[in-house]
Amino acid sequence: MLTTLIRPLRALRRALPAALCALLLAACATPLQPVALAPGAPTRAELVETPFFSDASHFCGPAALATSLSAVGLATTPAQLVGQVFLPGREGTLQIEMLSGARRQGAVAMVIPGTLAALKQEIDAGHPVVVLQNLGLSWAPSWHYAVVVGYDLERELLLLRSGPMRRQEMTLRTFGHTWQRSGYWAFVALPPGRLPASVAEPDATRALVAFERNAKPAAAVTAYRAALQRWPHNATLAMGLGNALYANGDLPAAAQVFRDAATTHRLAAAYNNLARILLQQGRAAEAKQAAEDGLALAGPLRATLLDTLRDIEVARPSGS
Amino acid sequence: MKRFQRTLALVLCGSMLNLSMLQSAHAAMVSTEEVARLAVTSAPDSGHARLAAVLARDNVRGEMERLGIDPASAQERVAALTDEEAANLADQIDKAPAGGIIEAILFVFFVLLVTDILGFTKVFPFTRSVR
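As they're listed, the protein sequences go chains Y and L. Following this note's numbering, the numbering of the first sequence begins with 2 at its first residue and continues without gaps. Following this note's numbering, the numbering of the second sequence begins with 6 at its first residue and continues without gaps.
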């Protein structure tokens, strides 16, 4: 009985030092992947013109957002943003509302990859990056938004606008630890028509669809056009451009975009929206053709296309 | 009493508006949000899903008011969210990281001081990491 207890204890005693060593080693390593530098690439850069809004209380969210927006020509102050993004009961600002808050100021906010390489790419492109850090520990968190405005790879430093500090120098290692605890979350906010250098296609698409929701149609058109230049084969972006053009009252251009999307991507939604526009333009016969083509591919949109076909039949005297 | 009636009328108006939106969502143009959703799930746009989206928004609006936002601002803030974002917020408004506070809890003060000096954390502005 006793021996059965002692054996595992002995094993534990042997394993414990090894486990502790492993833990320490893991804690020492920097979580950030080093950047592979192309020959002749700059090892430091700083966006010195980035404005600074000092904050020593709970308003680092509004302050960081105002910093990043003002830096790209959308002048705002933290005071204007508090009512839009700050959550008193949580004494802070949630990530989702940082993005929606940026959109309410007319910017497109895109989440970028959580890598040092992406941060460098954005700084090189002149875009300050808002990051979420957990300055404390996972079990005693201190969530904090700061803005990355520069890097110095030789001295292994990142430069930040952070809380009350206009120019914080933070070692890559410490930054890596604090950023890792937020899941490496970062975003870049830019006026419509400009894109972050490092953004991945799905993140850009999600951000643009969200932007269209409350944007002026003309701004959404500009934003979708820029993204389609980079990702010309993205069906969702094409649909977005069509819908934004339609909302802007440009029916011929919208019809053209939907027609192209319908044939290239074989999208029932594109046929449906094309049919709706043709119907509105009084071209019932063409509308019926488009709706029928769409119905053949409809799948989950079957009910929508049947509705469209019915409206076309109502508008169009039978047999004509 | 008058105030109660006015509130009741407002609530009823709101719910009717929601209902009419539910019905009309079928018609006309397919929105980009819907296209994006279909690209991921390919599930039909059931009335159930739309109802869930409306409820999630209502839920988030209520939670925001509970957390100290006035009703008009809460309404605007919810309107700025996509369905996906509203659903996420409805689940985690109390748990999600809220950047803003330096929670210098005394209990862990010394732990954080040491970890600051080691460079694992950066809670205190006055610490300098060992390397």
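Keep in mind the hints are simulated off the structure, nothing from the lab. These numbers were taken from a predicted model, which means no experiment stands behind them. Where is the CB? At the ideal position from N, CA and C, for every residue including glycine. Don't take every hint at face value.
What the hints assert, rightly or not - With the C-beta cut set under 10 Å, the calculated list includes, among others, these residues of chain L facing chain Y: (1) Ala41; (2) Thr46; (3) Leu56; (4) Ala58; (5) Phe129.
Evaluation of the provided hints:
1. Ala41: Result: holds, 5 Å to nearest chain Y Cβ.
2. Thr46: holds, 9 Å
3. Leu56: Given a least distance of 16 Å, the restraint on L:Leu56 is violated.
4. Ala58: The hint is violated - L:Ala58 has no Cβ within 10 Å of chain Y, the shortest such distance being about 13 Å.
5. Phe129: Check passed: Cβ of L:Phe129 comes within 9 Å of chain Y, closer than 10 Å.
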